[in-house]
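J.: These protein sequence lines are chains A and B, in that order. In terms of this note's numbering, the first sequence opens at residue 1 and continues consecutively. In terms of this note's numbering, the second sequence opens at residue 1 and continues consecutively.
Honestly, the hints are just simulated from the structure, not real lab data. Predicted, not measured: the structure shown is a model, and the values here were computed from it. The reader is advised that the hints may include incorrect statements.
[Claimed, not checked] If the Cβ cut is set under 8 Å, some of the chain B residues that face chain A in the computed set are:
#1 HIS251
#2 GLU295
#3 GLY738
#4 ARG812
[As the list claims (entries may be wrong)] Derived DSS-like pairs: lysine-lysine, alpha-carbon spacing no greater than 27 Å straight-line:
#5 A:LYS195 to A:LYS299
#6 A:LYS134 to A:LYS176
#7 B:LYS874 to B:LYS779
#8 B:LYS37 to A:LYS134
#9 A:LYS328 to B:LYS359
#10 B:LYS820 to B:LYS839
#11 A:LYS430 to A:LYS244
#12 A:LYS430 to A:LYS226
#13 A:LYS226 to B:LYS322
#14 B:LYS283 to B:LYS359
#15 B:LYS400 to A:LYS299
#16 A:LYS206 to B:LYS283
#17 B:LYS47 to B:LYS7
#18 B:LYS400 to A:LYS333
#19 B:LYS322 to A:LYS313
#20 B:LYS283 to A:LYS244
#21 B:LYS327 to A:LYS313
#22 B:LYS282 to A:LYS206
#23 B:LYS327 to A:LYS299
Virtual Cβ for every residue (Gly too), placed ideally from N, Cα, C.
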Amino acid sequence: MPVAASAIYFLNLRGDVLINRLYRDDVGGNMVDAFRMHIMQTKELGTCPVRQIGGCSFLYMRISNVYIVIVVSSNANVACAFKFVVEAVNLFKSYFGGQFDEDAIRNNFVLIYELLDEIMDFGYPQNLSPEILKLYITQEGVRSPFSSKPADKPVPNATLQVTGAVGWRREGLMYKKNEVFLDIVESVNLLMSSKGSVLRCDVTGKILMKCFLSGMPDLKLGLNDKLGLEKESQLKARPAKSGKTIELDDVTFHQCVNLTRFNSEKTVSFVPPDGEFELMKYRITEGVNLPFRVLPTIKELGRTRMEVNVKVKSVFGAKMFALGVVIKIPVPKQTAKTNFQVTSGRAKYNPSIDSLVWKIRKFPGQTESTLSAEVELISTMGEKKSSTRPPIQMEFQVPMFTASGLRVRFLKVWEKSGYNTVEWVRYITKAGSYEVRC
Amino acid sequence: MSGHDSKYFSTTKKGEIPELKEELNSQYKDKRKDAVKKVIAAMTVGKDVSSLFTDVVNCMQTENLELKKLVYLYLINYAKSQPDLAILAVNTFVKDSQDPNPLIRALAVRTMGCIRVDKITEYLCDPLQRCLKDDDPYVRKTAAICVAKLYDINAELVEDRGFLDSLKDLISDNNPMVVANAVAALAEIQENSARPIFEITSATLQKLLTALNECTEWGQVFILDALSRYKAADAREAENIVERVTPRLQHANCAVVLSAVKMILQQMELITSTDIVRNLCKKMAPPLVTLLSAEPEIQYVALRNINLIVQKRPTILAHEIKVFFCKYNDPIYVKMEKLEIMIKLASDRNIDQVLLEFKEYATEVDVDFVRKAVRAIGRCAIKLERAAERCISVLLELIKIKVNYVVQEAIIVIKDIFRRYPNTYESIIATLCESLDTLDEPEAKASMIWIIGEYAERIDNADELLESFLESFPEEPPQVQLQLLTATVKLFLKKPTEGPQQMIQAVLNNATVETDNPDLRDRAYIYWRLLSTDPEAAKDVVLAEKPVITDDSNQLDSSLLDELLANIATLSSVYHKPPESFVTRLKTVSQRAEEDDYPEGSESGYPESPAHPVDGAASPSSSSGSRHPATSPPVAAAPAPVPDLLGDLIGLDNSNSLVPVDQPAPAGPPLPVLLPAAKGQGLQISAELTRSDGQVFYSMLFENNTQSVLDGFMIQFNKNTFGLAATGPLQVPPLHPGTSARTLLPMVLFQNVAPGAPNTLLQVAVKNNQQPVWYFSDKISLHVLFTEDGRMERATFLETWKSLPDSNEVLREFPGLVIKSMESTLDKLAASNMFFIAKRKNANQEVLYLSAKIPRGIPFLIELTAAVGVPGVKCAIKTPSPEMAPLFFEALEHFLQS
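Construct all of the structure, not just a fragment, from the sequences and the given hints.
T.: Shown next as structure tokens:
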């Protein structure tokens, strides 16, 4: 059964119900007590997001300071349930101006009730596109096209759009200047052993799009991925242009992309929603250009002293630079005193996370920087010190660089009125979980 | 911009309810709206505002959609507590359902469906009928779901009013969202009905596959889930379906991806071309890996499912082990699942890398995770023979770190490694012994003691080591005590010198005289007797070679695995349990028994086993165990039973809870009369052998029709084929004239066995203080002896069948018997521990294969051939003891007749 929920609860960290909605009769209204008693108030909390208590199952997620709990008693579709929560939160955020927490819920409870009624019926998720819902569920609550009051913007066929084949775009949009912004955002995930060998490395990228286009445009996106290029050259019966091509391990698309067409022709064609959305996500594991190399050396000098040396090298183009570089170097819990020198940026010891935090605001390409620190430890009573040593973690952003080498080759826009569009493309690479064991 | 609704939560000094009442009746619209908001705010924080029902309903007739929605919300919450007043709202509902605004029409129908009050339901039918045929797709899609709601409240009404047909018509609707909702509603109705309602034909299939391209992401999930039940006719159709579904793997919604994977896996079963299968496996891997970059909760769901998928198709992710390496900041539940999958994917090719990872994890902070990592190393050693040595050296390195719980966990797994590779790695025992003092957990201690006992002859100071444990013998937990006892006996048998002799005496004394633990005492007595009568025999028993253990990382039974794979993305796939084991409200079973190739077990059978009430009562307790054979893995183990208290607390539907098993109610069905009152001078005895909870009982009824009190009842059984005898005295109270008493006498087997050819005769003698001894005879029906562990795996069945010579096969025909329904027969057989294994069709006849076992492990392999409803049943059995065959047929005949 694709049922996703019998009831949904929003609780604050103390376990008070902020808002709830029962969709089906098969769970009692006070099931949330069982959740509080058997999960929230025990060590269980956070050990497993799916739990069975009595005849009911609880699926829960924490988002900022709110627990969202779904209760079901049938063999529900869990993937559907969690995805519904994620999407619902995105929807609320788009209504509340990006904020989702206890206060936002209290301040908008009428609106949330209304949305909850609309986005799920009898436990089955319905249309959750903010773009469409905003047509007829508004904060003023009076913008219904059929109410006797004249609304400021008439929406002639909201219901057709909710259920329509293009359930994510409304008709009749008009812009003076037709513009499309493409943001290619990549996160590099790296796990490197202390000896410098790469244990796991991948890039998860997403293409974010901001569309300000009139009418019902058809878009087609071309990337420098191997599959797409090969297919294209097959179709056009001419050899592919030489140049760097990359191999995408996997791609997933926003619901606006025609998947059948992608499958047969390998082209990304779609009618975009208005405004901002995530067009596609991709993953690459081969041929990743790591922007940074981290070389740690840690020496233990007797029981109470340690010497930490970390060298960071930037290996992207010399004309580029990284921003907001943060390197967290873990030190033992019983650290008493630290002395360090850095060749650039600033470092300090943060006892609450047991780490040396080294920040470099701007890190040019093809350079290197080092931190050398001496750490003094409190000698503990003969206790064997714990063997745990978390990895060094790194954060950064490198504009105009893609770790995967992905490039946008073209973005074509067709609309029956034949207007011209301006396209903007930006690239940025961020650190995902960039970890180096030491 | 965010709202400021929080002001509605503030309270005023004056009594809240009267004030709200006043405001609700205000003449100003805005004030009324604010008042309703306050009411809803109060409702949200759990205050009872049901007393305002009438006043709120009065606000219902409004042009303002927001206000209307709030009133409706209030109605959904309180209509049930005020059913009489709810009728006030009906008029507005009906009116709204004809409003020119489709949003309001849909809202009215949607809300009415949520109000489970009979009076409202009555009025729902007409609007619903209209809305199902509405011009606006938004209204139709809402009405489609509403049919499912109505079915949940009143199934008959839905069938009588023909809503099912209207719903089926919507499958051909031109709007994809209407189609998707209609499919969801029909699938749900089908799940709750025993009749075939929503059958997917190849025509519907085509329609739905087309709709798949156009509907919303959620609609795609509904359709894919419904279609995954479809069984393709042949490989070609399956290939076509898969081709249409594969593009869904690229969807951003994880639920769509998982449902597509489910459907592809189902259809792959039919596809014969290895190329296509390989290609599909290649296509499924990347989307599955991508799920691991979603939110941790979704990752968890994905990982639990991947765990199942790699058990079925190990090749899919064989090259992707790196993506399951744990990130330092992964939540613990994600790490644990990744570890499990890493073990499954570990191979000779990647083991070095995997071991490096495990070693890294073994130094992390979370104790449970560290332990699991250590255990994982051991499991890899057991799984991969060529890597065992490397695994062990990693374990030894970890032991050297001397972190207490790491050492203990390592010792536990090393014991298993010794069991897997006997006489190979004993050189490391010395290293293990160094950590002896740090052991404080029972399992680790027990493992260490086992190792010392098992290899006593190679450990020079084994006696000293064991002696150090013996000092605290009385305080040790039972697990350790049992191991100590066995290890001491082993030591003594291997080194029968003075030291061990003293130790053994001390231990046996401790374990027999000074303990209340029956297990320990029994084991000690057995050793004692063995040692005192025949030390050589003791050696044969205690030092016997142990069977080599095998890897358990691919643990799920194949039929269970298939069922779980058919439930990908659902709770069932997360719990690794079949849906019926945790869903209490599942209504249909009858239909599925036919489709599924494996037995439903006795669970579905016990409510309707009229012939053998006691057996029936016994089966639920055994079914949970026998359903998945004894090797049930730790992961899939059922969670601790939930206290009934909670069930009561939250008002669960307990109608399906187990029948208490220990004491059958005194008023059972009549027992056969064995000693009529005429023969027994007024005493009438009825009795029958029954089976309950794995034990044989003699169920007896004494009726005193004499004029005097009868007391001092005693019973004696003559020698019989199975050596059935009473375990204790007969417990019958003094019987007053005209009264009766019922008792259950526990029986044992093989007490005084009658020699000669097997027969069913059971001669019984009963006496009391007032009358002479009465003799009567009863029949031993073989089915009471069938043990609960008689279930056989399909492969074992085939093997056993082949291994037995043809001379052991006995055939019997029962021309007069009729099987009316396969299911109920199977249920009945299962209730008596005759377990269904497989079936096939032969012309118009059904051929069933079953297994059963009688004590001392004598199996019966049964082949039943019959056509449903036609007289004539053929039964062939194969068993190592063909002389039992006549008894078996007698029991079966009796059984099928009743």
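J.: All hints, please: hold or fail.
T.: Taking the hints in turn, this is what the structure says about them:
no.	hint	in the structure
1	HIS251	holds, 6 Å
2	GLU295	holds, 6 Å
3	GLY738	violated, 47 Å
4	ARG812	violated, 43 Å
5	A:LYS195 to A:LYS299	holds, 14 Å
6	A:LYS134 to A:LYS176	holds, 22 Å
7	B:LYS874 to B:LYS779	holds, 24 Å
8	B:LYS37 to A:LYS134	holds, 21 Å
9	A:LYS328 to B:LYS359	holds, 23 Å
10	B:LYS820 to B:LYS839	holds, 17 Å
11	A:LYS430 to A:LYS244	holds, 22 Å
12	A:LYS430 to A:LYS226	holds, 24 Å
13	A:LYS226 to B:LYS322	holds, 23 Å
14	B:LYS283 to B:LYS359	violated, 32 Å
15	B:LYS400 to A:LYS299	holds, 20 Å
16	A:LYS206 to B:LYS283	holds, 21 Å
17	B:LYS47 to B:LYS7	holds, 16 Å
18	B:LYS400 to A:LYS333	holds, 22 Å
19	B:LYS322 to A:LYS313	holds, 25 Å
20	B:LYS283 to A:LYS244	holds, 24 Å
21	B:LYS327 to A:LYS313	holds, 23 Å
22	B:LYS282 to A:LYS206	holds, 23 Å
23	B:LYS327 to A:LYS299	holds, 25 Å
In the structure shown, a violation is registered for the earlier hints numbered 3, 4, 14, in ascending order.
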